[in-house]
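Protein sequence lines correspond, in order, to chains A and B. Numbering-wise (my numbering), the first sequence opens with residue 1 and increments by one. Numbering-wise (my numbering), the second sequence opens with residue 1 and increments by one.
One or more hints might be untrue.
Among chain B residues calculated to face chain A with C-beta under 7 Å, some are [to be verified]:
| # | residue |
| --- | --- |
| 1 | 51 |
| 2 | 102 |
| 3 | 137 |
| 4 | 156 |
| 5 | 390 |
| 6 | 394 |
| 7 | 401 |
| 8 | 435 |
| 9 | 591 |
| 10 | 596 |
Quick list of in silico lysine to any residue cross-link-like pairs, SDA-like style, CA-CA up to 25 Å [claimed, not checked]:
| # | chain 1 | residue 1 | chain 2 | residue 2 |
| --- | --- | --- | --- | --- |
| 11 | A | 196 | A | 223 |
| 12 | A | 132 | A | 352 |
| 13 | A | 403 | B | 596 |
| 14 | B | 316 | A | 615 |
| 15 | A | 579 | B | 546 |
| 16 | B | 229 | A | 195 |
| 17 | A | 24 | A | 352 |
Everything labelled a hint here was simulated from the structure, so no lab data went into it. Quick reminder that beta carbons are idealized off the backbone N, C-alpha and C, glycines included.
Number of protein chains: 2
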Amino acid sequence: MVDIKKLEELAKLVRYYILRMTTKAGSGHPTSSLSATDIMVALFFDKLRFDLKNPNSPANDRVIFSKGHASPLLYALYAAAGVLNEGELDSYRKFKSPLEGHPTPNFKYVDVATGSLGQGLSIGLGMALAGKSLDKLPYIVYVLIGDSEVSEGSVWEAIELTSYYKLDNLVGIIDVNRLGQSGQTMLGWDLETYQKRVESFGWKVQIVDGHDLGAIIKVLDSLSLSSDKPQMIIAKTVKGKGISFLENKEGWHGKALSEEQFKEAVKELGDVDKNVKGEVLKPVSSIKYQVSRKQKTKYKIQNTRYKLGEMVATRKAFGEALVKLGEINPDIVCLDAEVKNSTFADIFKEKYPERFFEMFIAEQNMIGVALGLSKRGRVPFASTFSAFLTRAFDQIRMASYSKPNIKFVGSHAGVSIGEDGPSQMGLEDMAMFRAILGSVIFCPGDAVACEKLVEIAAENEGIFYIRTNRPATPVIYKESEDFAIGGSKVVRASKDDKLTVVACGVTLIEVIKAADQLAKQGINVRVIDAYSIKPIDETTLMQAANETGSAMITVEDHYFEGGLGDTVLNVFANENKVKVYKLAVGKMPISGKPDELLDYEGISASAIVQKIKEILHLDNL
Amino acid sequence: MVDIKKLEELAKLVRYYILRMTTKAGSGHPTSSLSATDIMVALFFDKLRFDLKNPNSPANDRVIFSKGHASPLLYALYAAAGVLNEGELDSYRKFKSPLEGHPTPNFKYVDVATGSLGQGLSIGLGMALAGKSLDKLPYIVYVLIGDSEVSEGSVWEAIELTSYYKLDNLVGIIDVNRLGQSGQTMLGWDLETYQKRVESFGWKVQIVDGHDLGAIIKVLDSLSLSSDKPQMIIAKTVKGKGISFLENKEGWHGKALSEEQFKEAVKELGDVDKNVKGEVLKPVSSIKYQVSRKQKTKYKIQNTRYKLGEMVATRKAFGEALVKLGEINPDIVCLDAEVKNSTFADIFKEKYPERFFEMFIAEQNMIGVALGLSKRGRVPFASTFSAFLTRAFDQIRMASYSKPNIKFVGSHAGVSIGEDGPSQMGLEDMAMFRAILGSVIFCPGDAVACEKLVEIAAENEGIFYIRTNRPATPVIYKESEDFAIGGSKVVRASKDDKLTVVACGVTLIEVIKAADQLAKQGINVRVIDAYSIKPIDETTLMQAANETGSAMITVEDHYFEGGLGDTVLNVFANENKVKVYKLAVGKMPISGKPDELLDYEGISASAIVQKIKEILHLDNL
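This is chain A alone, in the form it adopts within the complex (with noise of 0.2 Å):
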């Protein structure tokens, strides 16, 4: 039986301690707030199924705040379930507090760092379908939603796929409290047309007034996890609830209230009980994983029988790779933006069809899914055009603030996928994933090495990113060859050469091609390849230096800046010595054969040797 009057005083003083907290750091969202708190005591202090003691059971719910903004109202919940006292409400938004500003790992019982409007319902669709796909356990995933970020494109990318999915256990809760950050939103109140749009994309709809406790407990109960439907409760609520002079008023969003309208504020909610303490229910079953998970070692796959000089393409030597790790990881999942022949992710699909998810032409939301995934003790690989990555960068973002193990893997690099032209070219993707932190960027020079690199991201925790190409090039490394997370190899070396060039993937082979040719007329180059770009192996950079004299040259498929070169760059910061000299994609890309176009850009066997030359002055020659 639902004590209604005790719902009450849990939300009194969860107003009391967003007002509180809010007023004592000086700033934060405490309208954004007081909107959804009606709603989120009775979904946490009614509903909700999680055992405090232990966050990360697999049994536990799952709640994310995708209105990151309403974190005073997140803190302020479990301030009234009893596990953050008032001393620790006030530490919100100081430094170095768990509490921050918007919500973070930091603090124990947060998933995923929010803020960035839009993104959490796909991280939610992730959580739901490693719960009812993958694991089959009975958790529900909610996922409380702004009505202002309602328009991000993202959401109904969530939405479009969570329905695809059959995916009942994820709720989504719409906040619909009419008032943006600056003005009213684009649908206002208009609740029967958000019914419409949602409905239409195959989700069950409940309209609730948000702030009538017992409606929400009717809406809450009549859930049905066995409707093959996603559920939207869209809840009718007002801005700064509770607060005569904050109620429905524009001008208060992201204020927080003075001493002085604090005082007044607490005058009109009353006697607030600072003892009433919020149960929240345990986990119908405490299920453990069965799975690989908890013995994760290192783990060597079974080596392709790869032949030196036999033409094979980087990005088909990681489909056939994460086959093999399949096989020996079941966390493995592998998820396609809708090029799965290209990418060669279907060769897993093949495999492994219940680990692998479709997520079609949507990448922004297959990331959000990704990471949920990898919350839910996954690794997931997600793959596409390295081009079209960059559709999610806001995402990636996002994720490296959530402690994430995301494998990323971007195909058709450079404008050595030929004809089809600039629009399918990754040429900013190394500069993209550098500027992520904690990332660690691999760019595989032949097969051989992508199998062992891809091999290297599965087994250890983090966001890789594996960058491949579409044409076939040699292999140059026997399977014997070791690689590692920091290195790199020393391809051509002799005791007299006149200088080094670094390259990575498809301009290695240019490079090797360029070297062998001086070679053939006397000029001996060392050649390495650097196919970890970060962390980059500066030890053999150094070496190289101070072995072949002062000049250095970087040949990337990628522009000129915040790539291979600028990696390099880093190296010699503050050494006196080396000159280093980028060629990289600098002219406008267009269509054309693979081979024209590294001409073209100046990334070609024939401008290398050109550069060499050149550096050397040997122009004669």
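Starting from the known structure of chain A, arrange chain B on it as the hints suggest.
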């Protein structure tokens, strides 16, 4: 009176051209072109109003192939219209041909590059907005959309905003051929669900058999341009239509026919009349623009009365500058992603509401709209938090291939925003924009600099990015100071400078504090304001290196990768003299006071003082 017979002949000819050019190229997307052939033939040769001799006439209707991979159809239509010959078609996908694998403005009948899916409708929305809301011209914008790309959230962002702005001059055509690249689309041939979804967003929707020319004509004739509703035509089509062995078959996406298969296909087509010529209707009127655009020149704005030492946030100076520019140039328009009171775009809205467009929280669509507006002669300033511009990286990347004129303004850059935490901090924006071909990047250090740089961005064509900060900082420049693309300012200099410190934006202020503290201790350092990040002022940096010795420090409120530091390193790549020390954001950002965070990340005045002493071995001081 429509001549269906002739349209059929034209459709046959177009199909012949599609097959011919792709077979000759050995690649391309014939089947995706064949499905849309009948509806586009009807549009081009019965409905469209376009002066082929004057593609840029403001009176012309516009056509955007959002499904850019249907480029063979696009080129075939212009061939059927008699403005391309077979020889020119044969250059399809060849090196330096204007007929690229995916459309680009290198072909004079193409406004914007497409090929990264889901972007065309936003661009069309921008053009429709220019036509209806600004120019009051009767032209119609038609956008051909693939069914696969409808899964992109950006399409739904465009759909929701087109109806919000009641743009009945935008007509979308969805080519529902059921098959994506590697399998069936999410909805297959479920046309009713497409209809329900698009209708729920306020569009008028008609379903048509995409191969019944008579039915298509009826639908095109029924388009009403006074309904205040945008209109969507959902065409049921067959991929590969017209060639039995291609029709509705999987495995044919992006594949050209062999010579033999081509011969077989042509046999099926039957007699093709190569002399039939499609007539395109002339525009109803040939209205000329009566706007300033023609006589755009360098224009000085009335200087603001910023006083030296006055505390003004650069984001505020942006808003104030834009208002003044709006007075001089009526083509300047402003787009906001619902943060106008934070970016200060709201000042422009108050003064010029008719040239301000609220794009709500949908950054991808905002950038597409900006591109569309720029293609109709406007000078769009699109502003939001710098962090959230990452949401539109793919749109920005694609815009760079469309000869654009867009000004991006990103506020709240860096950890100096303080309490809101990492989700709101732009720490990778310079890396992103540096990797955009032909971009100019400004990072003003005070209000005066910001005002003048906004002015420079407005009067010069191309992609400009202006990075602004949240905190109010002191005005350091007099009104008389000049600024330029590729310029910089030496703000501290003496005869015995021990080294040089380079900074921009908020860290410039920190550096000045540091330099002044050190000067009191008799240690002089040179301080350079690198307000133009791209291009950077190489001359001044070189000179400083020559005059102040071998050490140079860069300080930026941005991640270590891809920003100011990497830019400066490039200047000295081939120099043997300079040691560059980078100070930037390297620790996981958290919430806190701006000063605490600058210090935490080692980019505050005291951190800079410490670093300088360390480099100069003055640790004892």
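Evaluated hints:
1. 51: violated (27 Å)
2. 102: Holds, because the Cβ-Cβ distance from residue 102 of chain B to chain A comes to roughly 5 Å (cut-off 7 Å).
3. 137: Violated. Min distance 26 Å.
4. 156: Since the shortest Cβ distance to chain A is 4 Å, the answer is holds.
5. 390: holds (4 Å)
6. 394: Because about 4 Å separates residue 394 of chain B from the closest Cβ in chain A, which is inside the 7 Å limit, the hint holds.
7. 401: holds (5 Å)
8. 435: Since chain A brings a Cβ to about 4 Å from residue 435 of chain B, closer than 7 Å, the hint holds.
9. 591: Where the cut-off is 7 Å and the nearest Cβ of chain A is about 4 Å from residue 591 of chain B, the hint holds.
10. 596: With a closest approach of 4 Å, the residue 596 of chain B hint holds.
11. A:196 / A:223: Status holds; Cα separation ~19 Å.
12. A:132 / A:352: holds (17 Å)
13. A:403 / B:596: OK: residue 403 of chain A and residue 596 of chain B at ~23 Å, within 25 Å.
14. B:316 / A:615: Judged against 25 Å, a Cα distance of about 49 Å means the pair is violated.
15. A:579 / B:546: Roughly 17 Å between the alpha carbons, so the hint for residue 579 of chain A and residue 546 of chain B holds.
16. B:229 / A:195: Distance ~20 Å between residue 229 of chain B and residue 195 of chain A Cα, so the pair holds.
17. A:24 / A:352: violated (53 Å)
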